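**Q** Here are the chains, one letter per residue:
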Amino acid sequence: MKPDPKKSSNAARPNGPGAGKGSSPNVSAKSPANEAEPTAGLAHTPIWLIILFAALFYWGQLYLDNHAGGFDPQVYEPYESAKLVKALNTGADDLAAKGEPLYGMVCAACHQPNGSGGALAPPLAGSEWVTAADPSRLIRIPLHGLSGPIQVKGQDYTFPSGMTAMGEVLSDDSLAAILSYIRQSWGNSAPQVTPAQVAKVRQDTANRPMNGTATWTADELLKVPLAQ
Amino acid sequence: MNQGPLIFLGALLALAASWCGMVVVPNVQIGRQQQVAAGPSNSRYPAIPSGEAQRGRDVYRAQGCFYCHTTNVRQSGAKFDVVLASAGTNKAALASGLRAARPGLTPAEVSQIMEQAPKPVLQGLTRAEAETALKHLTVPDAKAEIILVPTGPDIERGWGRRMSVAQDYLFDQPLMLSKQRIGPDLTTIAARQRDPSWHLLHLYNPQSKVNGSTMPPYRFLFEKRKIGRHPSPDALQLTGEDAVEPGYEVVPTERARALVAYLLSMDAQFGLFEAPLPVEPKRPDATTNQPSATAPTNAAPTNR
Chain A
35 MKPDPKKSSN AARPNGPGAG KGSSPNVSAK SPANEAEPTA GLAHTPIWLI ILFAALFYWG
95 QLYLDNHAGG FDPQVYEPYE SAKLVKALNT GADDLAAKGE PLYGMVCAAC HQPNGSGGAL
155 APPLAGSEWV TAADPSRLIR IPLHGLSGPI QVKGQDYTFP SGMTAMGEVL SDDSLAAILS
215 YIRQSWGNSA PQVTPAQVAK VRQDTANRPM NGTATWTADE LLKVPLAQ
Chain B
23 MNQGPLIFLG ALLALAASWC GMVVVPNVQI GRQQQVAAGP SNSRYPAIPS GEAQRGRDVY
83 RAQGCFYCHT TNVRQSGAKF DVVLASAGTN KAALASGLRA ARPGLTPAEV SQIMEQAPKP
143 VLQGLTRAEA ETALKHLTVP DAKAEIILVP TGPDIERGWG RRMSVAQDYL FDQPLMLSKQ
203 RIGPDLTTIA ARQRDPSWHL LHLYNPQSKV NGSTMPPYRF LFEKRKIGRH PSPDALQLTG
263 EDAVEPGYEV VPTERARALV AYLLSMDAQF GLFEAPLPVE PKRPDATTNQ PSATAPTNAA
323 PTNR
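Protein chains in written order, with my numbering: chain A, 35 to 262; chain B, 23 to 326.
Hints listed in this document are in silico derivations from the structure and should not be mistaken for laboratory results.
Bear in mind the structure is a predicted one, so any value in this text is a computation, not a measurement.
Glycine included, each C-beta is placed from N, C-alpha and C at the ideal position.
It is possible that some hints are incorrect.
Claimed, not checked - Footprint (simulated), chain A over chain B, 3 or more residues, beta carbon under 8 Å: (1) 92-99; (2) 289-300.
To be verified - With a Cα cut of at most 27 Å, we get these calculated DSSO-like pairs of lysine-lysine: (3) B/Lys-157 / B/Lys-113; (4) B/Lys-141 / B/Lys-231; (5) B/Lys-165 / B/Lys-141; (6) A/Lys-120 / B/Lys-165; (7) B/Lys-201 / B/Lys-248; (8) A/Lys-117 / B/Lys-101; (9) A/Lys-120 / B/Lys-101; (10) A/Lys-257 / A/Lys-234; (11) B/Lys-157 / A/Lys-120; (12) B/Lys-165 / A/Lys-117; (13) B/Lys-157 / B/Lys-141; (14) B/Lys-113 / B/Lys-141; (15) B/Lys-231 / B/Lys-201; (16) A/Lys-117 / B/Lys-157; (17) B/Lys-248 / B/Lys-231; (18) B/Lys-101 / B/Lys-141; (19) B/Lys-101 / B/Lys-157; (20) B/Lys-246 / B/Lys-231; (21) A/Lys-120 / A/Lys-234; (22) A/Lys-120 / B/Lys-141; (23) A/Lys-257 / A/Lys-187.
The task is simple: from the sequences and hints, build the whole structure.
**A** Right under this line is the structure:
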């Protein structure tokens, strides 16, 4: 047992040493069973803390606005916004430049690198089929293929194998790039073909298979209306 | 602990929010990234690595190459050049435009720039400055362009021409970005050094190819053997102190060849939408039969 002066202070604490041992009557009256569990009191959050948090939150929002690039997955660190990244892709809308290598891979074997045509395909340079203001007939040719006789630049051609259907293997973007390239090369200067135009023709001819079983003939193509 | 549910709810919310922000949202945004068309031939990028290159990645990993080599080019900013693409015929207006864009040009310099188009007029500007300068050069018939120049210490070192982005790592499994640069960054090693025999000799004796290199030799990836009936065409052309005694040759093992195939697949040098590179202005007379490889997109940076 500890000396007397400490005793009273111990008794005030419910779990203090000596509590509940019944060593003195005034201690047993305040036994833990009679006392409520200690609880944490409520205190108001100081107003300066709320203001500080609001200010920090505001600063964080400003920082994200300026540096997060709109959370766009295409925007990386030194560039600030999707708008800027788009503006920096200056060459991206040059379809003809994109089409040039594709032409080399896909078309040049028959139509020749300089678009002069040959024993397997008609010329593209100066061809009225290629440079028509409305490309909707032109787009149909690589989509579904072409067979039979065709007149180009006033000359009649008939080719043994015709034109292969490419609609299944070339995307709208690739076709638009290739067609833009042939419309703007070797002295041709027609406006470019957009992927949207190719997509529209694809839609218009949706029930025509693109596997080479439903190739166009020149006469059929000439019946396709052209926008004026 | 009488606030137990509240604390539990708070912790759950905090963890759920960070899980959404760091796992779910990035997965939605770039989790389904596909190959894209890039480079002068518009080929699918990044190319699916060949089987040998994929085995080479395992060798790269097993040999701990990533302890010293990173595969991550950083870009700290971008500068803009104003380039006169073609002078056209309106010389007088263009000359005054040039002087307005860049005060202090002598008449001789002005005519030199106009004759030698495409030629840079101003270099190292901010985008706003470049746009102001471009307005002065907007003269009928003449063509001026703003050219993007990515900048940063890694780019100055010749380790790449633009920053690395998620697209570059599409097929890298496991990803070995690394964080220590005891050797150079290898993101564009294939563009810097395309010669497989250089890489083999460098693995055999790094100091023979790069003076002062601290890279250890990887001779155990090679086999020294007696020359059989015919010398192997794969045998290393060793000279000087590396030369082996007559009658013997050093040939790369399967592991060395795979590692080199992997190194030669590291070719992240083409511009992407999210990490654009400048397209050099075309000369107006060079329109046909010039593959667009004239753009610097496939110009190899200096060897290192």
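**Q** Does each hint hold? Answer for all of them.
**A** Verification of the hints:
Check on the region 92-99 of chain B: 3 of its residues sit with their Cβ under 8 Å from a Cβ of chain A, so the three-residue criterion for coverage holds. Remark: the region 289-300 of chain B is confirmed as covered by chain A, as 4 of its residues place a Cβ nearer than 8 Å to a Cβ of that chain, reaching the required three. With a C-alpha separation of about 16 Å, the suggested pair B/Lys-157 and B/Lys-113 falls inside the 27 Å cut-off, and the hint holds. For the suggested pair B/Lys-141 and B/Lys-231, the alpha carbons sit about 37 Å apart, so the restraint of at most 27 Å is broken.
Using a Cα cut-off of 27 Å, the hinted pair B/Lys-165 and B/Lys-141 holds, with the two alpha carbons roughly 11 Å apart. Straight-line distance between C-alpha atoms of A/Lys-120 and B/Lys-165 comes to about 21 Å, which keeps the hinted pair within the 27 Å bound. Pair hint B/Lys-201 plus B/Lys-248 does not hold up; C-alpha atoms about 42 Å apart against a cutoff of 27 Å. As the CA atoms of A/Lys-117 and B/Lys-101 are separated by approximately 17 Å, the hinted pair is consistent with the 27 Å bound.
Between A/Lys-120 and B/Lys-101 the CA atoms are separated by roughly 16 Å; this keeps the pair inside 27 Å, and the hint holds. Between A/Lys-257 and A/Lys-234, the direct Cα distance comes to roughly 18 Å. Compliance with the 27 Å bound is thereby established for this hinted pair. Restraint check for B/Lys-157 and A/Lys-120: the C-alpha separation of about 20 Å stays at or below 27 Å, so the hint holds. For the hint pairing B/Lys-165 with A/Lys-117, the CA-to-CA distance comes to about 23 Å; that is within 27 Å, so the pair holds.
Annotation: proposed proximity of B/Lys-157 to B/Lys-141 holds, straight-line Cα distance about 17 Å (limit 27 Å). A threshold of 27 Å between alpha carbons decides the hint, and for B/Lys-113 with B/Lys-141 the separation of about 15 Å falls inside it, so the pair holds. Simply put, B/Lys-231 and B/Lys-201 have alpha-carbon atoms about 25 Å apart, close enough for the 27 Å limit, and the pair holds. Taking the CA atoms of A/Lys-117 and B/Lys-157, the gap is about 20 Å. The hint holds against a cut of 27 Å.
Proximity of B/Lys-248 to B/Lys-231 is assessed by CA-CA distance (about 25 Å); at most 27 Å being required, the pair is judged to hold. Restraint check for B/Lys-101 and B/Lys-141: the C-alpha separation of about 17 Å stays at or below 27 Å, so the hint holds. In summary, the hint linking B/Lys-101 to B/Lys-157 is supported, as the alpha carbons are separated by about 18 Å, within the 27 Å threshold. Simply put, B/Lys-246 and B/Lys-231 have alpha-carbon atoms about 20 Å apart, close enough for the 27 Å limit, and the pair holds.
Between A/Lys-120 and A/Lys-234 the alpha-carbon distance is near 25 Å, which keeps this suggested pair within the 27 Å criterion. Between the alpha carbons of A/Lys-120 and B/Lys-141 the distance comes to roughly 25 Å, so the proposed pair stays at or under 27 Å and holds. As the CA atoms of A/Lys-257 and A/Lys-187 are separated by approximately 19 Å, the hinted pair is consistent with the 27 Å bound.
The structure does not agree with the numbered hints 4, 7 stated previously, though it agrees with the rest.
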